[in-house]
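Chain by chain, the residues:
Number of protein chains: 2
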Amino acid sequence: MNTIGKITRWQAALCALICVSFAFQATAQTLPVLPDPAATIPADLGLMRGFPPPPDKTVRFDNGSLFKFPATRWSFSHWRELIPSAVVWRGSGPVSELPRAARDLDGLMFLTMTGEKMTWKDAVAKTYADGILVLHKGRVVYEKYIGEGALERPHIAMSVTKSFVGTLAAMLAAQGKLDPLAPVTKYVPELKDSAYSDASVRQVMDMTIGVRYSEDYLDPKAEIWAYIVAGGGLPPGPDYQGPRTLYDFLLPLKKEGEHGQQFGYKTVNAEVLAWVVKRASGQSLASLLSNAIWQKLGAENDAYFAVDRVGSESGGGGLNTTLRDLARFGEMMRNKGRFNGKQIIPNTVVAEIERGGDKALFAAVGYKTLPGWSYKDMWWISHNAHGAYMARGIYGQSIYIDPKAEMVIVRYASHPIAPNVANDPITLPAYAAVAEELMK
Amino acid sequence: MNTIGKITRWQAALCALICVSFAFQATAQTLPVLPDPAATIPADLGLMRGFPPPPDKTVRFDNGSLFKFPATRWSFSHWRELIPSAVVWRGSGPVSELPRAARDLDGLMFLTMTGEKMTWKDAVAKTYADGILVLHKGRVVYEKYIGEGALERPHIAMSVTKSFVGTLAAMLAAQGKLDPLAPVTKYVPELKDSAYSDASVRQVMDMTIGVRYSEDYLDPKAEIWAYIVAGGGLPPGPDYQGPRTLYDFLLPLKKEGEHGQQFGYKTVNAEVLAWVVKRASGQSLASLLSNAIWQKLGAENDAYFAVDRVGSESGGGGLNTTLRDLARFGEMMRNKGRFNGKQIIPNTVVAEIERGGDKALFAAVGYKTLPGWSYKDMWWISHNAHGAYMARGIYGQSIYIDPKAEMVIVRYASHPIAPNVANDPITLPAYAAVAEELMK
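Here the protein sequences line up with chains A and B, keeping their order. Residue numbers are given in numbering that gives the first Met the number 0: position 303 of the first sequence equals residue 302, and the series is strictly consecutive. Residue numbers are given in numbering that gives the first Met the number 0: position 398 of the second sequence equals residue 397, and the series is strictly consecutive.
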């Protein structure tokens, strides 16, 4: 169980997990049975240790192990060592302060969605966190790194990336540089024969696009995996004839259903929005994020985007940041766009996100763990009593912003199961419990 | 002449340049005729502009254009966007000051090695500099960026990397962690059946290794190109069956001649030394450089190493730094290992390098532009009246340290011709002239 060489055994285990997970999604009655996270720490497994590491403990791009658990416990903290990347420069200014006010949360008890009593300490440990940080009123009350997680080491944010792209798009709109009501083809005429031929930018921002494309991570034939291959995130097979860039992947996408009629979470929409943002701003995603946000935040470290074979950043899932810098970004959102003594993005952008999207369209999809939520500008809005909203990425990546509790929780993880339905039953109640505790 | 799409025309031109260069090496009488550097600026050529850039203006790893002039004028400043990389973290401390004392050097006149009168301004322009910075007594007297060169953007250092590896090895030796007199196989037993089976670490550090391996960049069949393919710097062909990691490239190398009997500049020696350094320190090159030097320098930006397909840094040519941070490293050397208020490496390490290596062994190779020089700890020692010494990388990368003039010049470039014999006739006299000027 402790080497990638035994990946077939892991794959079998993973397959079992997936079946459990499917059952779990169907019933929401029981938590899936998963391997003990403490037994999957890369240093203990010998993953990527030694010069060179033993072949059966080497994580590679070539064989796709970068996406296979438990290799992901290493790769998610070392993405640039496997994939080309573009820097999001932190600038040359001072690092902004993140004052500390540590709280002992370990014993805090809460009920999981399945009715299990659990402590915060166990919630952190059982959800394969690589790092988790809680801010209350802008102060670090809890910060923990596990396994390869480290304060200086960027971690892949997966689809948390989309919330950055949505925020940049909303910012450009507020600045008059991007018209959300305009057709996508105003910015990207190349998409005139695609599913996006008659879509508006707003529909893309809110993912109400009718496009034939499956985001089902548990189906190896789903288009999401082809998208990852096209974008350079997984190796193409020897006879691969498909698209070799993110741009080329988007062009042939076909329409399925009508735009504006339903919510459908599909990564290609974020990729289209990234293309629109680049065209509207005249900047690469990496440059725009650096200039508009990262430098102003006083980020502690450079961030980076994974790029495809022509150097184009993945706006759907390619961002990598340190946990503390992700916390700075979350805290800026909580403060209506202000941080580090500056109004970094317009407060109207944050207000729009906080108001959220169409709950009825969202409800129709039937996310078991997100009842009453909506989706807006590539953020997930809870509409709970605290007005909490999230950026969410597969395998457990998240920013959780609770305006009422004046709390931000950021978490990077390498959960064995991609869909967040696998950790929401623990993490969402845990976050709510921490919020209540901090408000006491 | 202005697109990579017309690469065949460039290749023809390059071939012509190479012939001229060969003739030049043979005679040292005339400078090769080269394209006007000002006509090869990526922004003007449209290289990598647009989302996406036009196919004929896209620099890619897949087609090897990252190594083809004029694409190199872009790629050398964007290496990580084409190749996976490992960060050399700058740490979280403040940036060390580089005080400024600008001097107008533009009109400074000197004689090239071929007897041509030239100004400093022309010397900078004609040698395809992407950036050049002159420190005098620790102050920046001249700093210029051209084309893709930018103060925040790391540039590939090519074989300047070797001088970092040599310095780290010498540092470990001074700390008692590495025995230069020990056989290489003490640290890397895997090399017991290779050319290195009976070599000492010291022989590797000074490149007096008898190994069948050609460093002739002008010969497409030379092993240096196979080394680059194995290390992930160029794409393998479809039927490629050769080594796919730097480690695997080194194992089958065969002996040719005796060790310690001649100097032979061969990148594989730096790669072997990198392996020894990793084993002796227990750290990756990136971690060791960060911990031992980069963080202590107060570097302005993270540096990074290009890595091979198993995440191993290229110690032969993979380092990328900003020009200012390269200047900090050079200034630390000039100050006998002190910088930023700290003794960063032992002064005995610098003294050993300054003393230099065996001039007779070096002379036997017949470098036209480096008469009387030697090689020590992977540095090039001039033995001139100023005691100048250099780190040198193909296509014009260099650190030039002139102890007597209290001067350090660092330069990143994307010269069309790999061997430095193509720019030495201009740059070496230019550096000497600046030294004289600053000493007035």
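Honestly, the hints are just simulated from the structure, not real lab data. Among the clues, some could well be false.
Identical copies go unnamed one by one, so any copy, or any two together, can satisfy a pair.
[To be verified] Listed next, the in silico DSS-like pairs over lysine-lysine satisfying Cα-Cα at most 30 Å (straight line):
hint	residue 1	residue 2
1	K335	K67
2	K253	K116
3	K125	K191
4	K220	K403
5	K220	K335
6	K116	K191
7	K439	K67
8	K176	K56
9	K56	K191
10	K56	K185
11	K176	K136
Outcome of the hint check:
{"no.": "1", "hint": "K335 <-> K67", "result": "neither (38 Å within a copy, 48 Å between copies)"}
{"no.": "2", "hint": "K253 <-> K116", "result": "neither (47 Å within a copy, 65 Å between copies)"}
{"no.": "3", "hint": "K125 <-> K191", "result": "neither (47 Å within a copy, 46 Å between copies)"}
{"no.": "4", "hint": "K220 <-> K403", "result": "neither (42 Å within a copy, 67 Å between copies)"}
{"no.": "5", "hint": "K220 <-> K335", "result": "neither (41 Å within a copy, 60 Å between copies)"}
{"no.": "6", "hint": "K116 <-> K191", "result": "neither (53 Å within a copy, 59 Å between copies)"}
{"no.": "7", "hint": "K439 <-> K67", "result": "neither (42 Å within a copy, 64 Å between copies)"}
{"no.": "8", "hint": "K176 <-> K56", "result": "between (49 Å within a copy, 27 Å between copies)"}
{"no.": "9", "hint": "K56 <-> K191", "result": "between (47 Å within a copy, 24 Å between copies)"}
{"no.": "10", "hint": "K56 <-> K185", "result": "between (49 Å within a copy, 24 Å between copies)"}
{"no.": "11", "hint": "K176 <-> K136", "result": "neither (33 Å within a copy, 48 Å between copies)"}
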